[in-house]
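Student: Chain B: place on chain A using the hints.
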Amino acid sequence: MIKYFEPSKIFSITSKAPKYVLFLFIIVLSIGLTEGLVLSPEDYKQSHSVRIMYVHVPAAWTTLGIFTAITFLSIIGYIFKIKNIFLISKSLAPSGFVFCIIALVTGSIWGKPTWGTWWAWDARITSMLILSLFYGMYLLAWRIYEKSDQIFKVTSLIAIIGIINVPIIKYSVDWWNTLHQPASINILSKSSIHSSMLFPLFIMTAAFVLFSLLIFLMKYNTELIKIKNKGLDRL
Amino acid sequence: MINEIIFMNGYGLYVWSAFVFTLLSFTSLFVVIKIQYTKERKKFITKFGTLNSERAAFARSQSINSEILSNISKI
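In order, the protein sequence lines correspond to chains A and B.
Each position in the first sequence, counted from 1, maps to that position plus 639 in the working numbering.
Each position in the second sequence, counted from 1, maps to that position plus 631 in the working numbering.
Heads up, a few of these hints could be off.
Unchecked claim - Listed below are the simulated DSS-like cross-link pairs for lysine-lysine, each with C-alpha atoms no more than 30 Å apart in a straight line: (1) B/665 x A/655; (2) A/809 x B/678; (3) A/786 x A/648; (4) A/792 x A/865.
Said to hold, decoys possible - Part of the chain B face toward chain A, derived, beta carbon under 8 Å: (5) 637; (6) 640; (7) 645; (8) 646; (9) 671; (10) 678; (11) 679; (12) 690; (13) 698.
No lab work stands behind these hints, which were simulated from the structure alone.
Remember, it's a predicted structure, so these values are computed and weren't measured experimentally.
We put the beta carbon where it would ideally sit given N, CA and C, even for glycine.
So that you can see chain B by itself, here it is in the shape it has in the complex:
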């Protein structure tokens, strides 16, 4: 049973390489997009920290800004 799943009548190399390539592509794309997201979010938090209290209060009044700062937008 296990041998059949691994070797697949001699087609195992083709089948497994196709599936592994697909899953690796999925993982790479996910990681790249996740890194971009984290980078932008960090940049936003840093910039937000440099605002004076008046500007920070104004920025916080926008719902998107509050959500970015909260943990809700984390995956």
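Bound conformation, chain A alone:
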């Protein structure tokens, strides 16, 4: 199984994929923006401000998904000592961090017309802010440490400690009294959002996932070329 994680095998795919992913991303994003900004209805309570949901929620979902993937990969990489898996999780982090910032900023913009404030030390917002700090620490660790063993240890530790925050973010609206409403979309039960709003939400989520895939592929290719550059120095 490990041979499938060899950089040469992966690079033959990742070097060709970005242009197709970029093309697909532009198409899906265009549909999502048209649906989200023009075709979807306004909310009876929040009016047009509900449209911010189409960037805020996909950003929050994707950043949580990416951090979970980073932690899972770090644990696997650490147990089986596969360096390439660490490279994959490193390449996932930039888009995860940017999505976390997007979720915080768009949430703040949405908060002003809805709650009358740009910021509140609400459980969900605070736990999202903590997640962005974990992303920051994770990215910083890759820059600070030079020895690969040290990097793998520190980044795995940051991911494992940080993952504790992920269920806190998810259930913060149920555990504490927060400004946020409880979850409107549940996998196991019926969603409280109308399908006319669910459709653009899922399309925009697909666009965000495609963008993170695009950034991941580009970053991963860059990291592999960096390694190959060091290899040429040794020749």
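Tutor: Just chain B now, kept in the frame of chain A:
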């Protein structure tokens, strides 16, 4: 119709600024990663050019090196 899309019952500023911030963040991240990629690839091509024929042939025998040098890996 156009006025409604732009002003959105007074919420236009909030909605448009959220979308513009998101798209600007996307563009910035894409540009930064693209610059890093181009820089590393250029560095690789320059280093490859300085190798003597024997070492260059050895390096070219690795499939990744050939792919980096080819145009396939360009976006």
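Student: So which hints don't hold here, by number, going up?
Tutor: Failing hints, ascending: 2, 5.
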